[in-house]
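Starting from the given sequences, assemble the full structure and let the hints guide the process.
Counted the way my numbering counts, the sequence shown spans residues 1 to 109.
These aren't lab readings, by the way, just hints derived from the structure by calculation.
Yeah, the Cβ is synthetic: ideal placement off N, Cα and C, and Gly gets one too.
It is possible that part of the hints are untrue.
[Stated by the list, open to error] The following label-pair restraints were derived from C-beta to C-beta distances:
no.: 1; residue 1: Gly92; residue 2: Ile59; range: 20 to 26 Å
no.: 2; residue 1: Phe58; residue 2: Ile88; range: 18 to 24 Å
no.: 3; residue 1: Asn23; residue 2: Lys109; range: 42 to 48 Å
no.: 4; residue 1: Leu18; residue 2: Arg103; range: 31 to 37 Å
no.: 5; residue 1: Ile68; residue 2: Thr21; range: 23 to 29 Å
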Amino acid sequence: MLIVIVGLIVGLLIGLILPYTYNTVYSLYISVIILASLDSVFGGLNANLQKKFDPKIFISGFIGNTVIAVILTLFGERVGVPMYYATIVVFGSRIFNNFAEIRRILIKK
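Below, the structure written as structure tokens:
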């Protein structure tokens with residue numbers, strides 16, 4: 001758990017020290033990537049609290065969720081259908097479900 005906190009602090013410091021701007025064309029992709037990443041992070045925290053955390057599953061889920069979210073968004077843009085809504089609904093609901101489980105586990109402790 002200490003590694004997670006240290007990693008979060010280091011990431012925040014890097015983000016504050018080295019500000020990066022990107023073209024607004026990629027805003028939709030960045031937001032979907034962030035949502036997919038948050039889903040993986042909350043899933044990892046939930047698995048860690050349940051003593052079921054496996055780094056291989058976490059990394060593969062992190063990368064897999066991100067790739068699927070970007071592919072759906074790209075495909076939707078190509079055919080003119082806002083497919084990114086599917087990623088928003090699915091990953092958003094999973095984040096809230098994981099948060100609810102984390103909250104229950106922490107309250108019971």
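Check: Given a hinted range of 42 to 48 Å, is it respected by the beta-carbon distance of Asn23 and Lys109?
Finding: Between Asn23 and Lys109, where Cβ atoms are some 45 Å apart, the hint holds.
Item checked: Outcome for the supplied range 31 to 37 Å, where the beta carbon pair is Leu18 and Arg103 -> holds, 34 Å
Margin query: The hint says 20 to 26 Å between Gly92 and Ile59; measuring C-beta to C-beta, is that right?
Written below: Between Gly92 and Ile59, where Cβ atoms are some 22 Å apart, the hint holds.
Next item on the list: Check the following: the C-beta atoms of Ile68 and Thr21 are separated by a distance inside 23 to 29 Å.
Entry: This hint holds: roughly 26 Å between Cβ atoms.
Item checked: Whether the CB-CB distance between Phe58 and Ile88 falls inside 18 to 24 Å -> 22 Å Cβ-Cβ, so the 18 to 24 Å window holds.
Against the hints set out earlier in the document, no violation occurs for any number.
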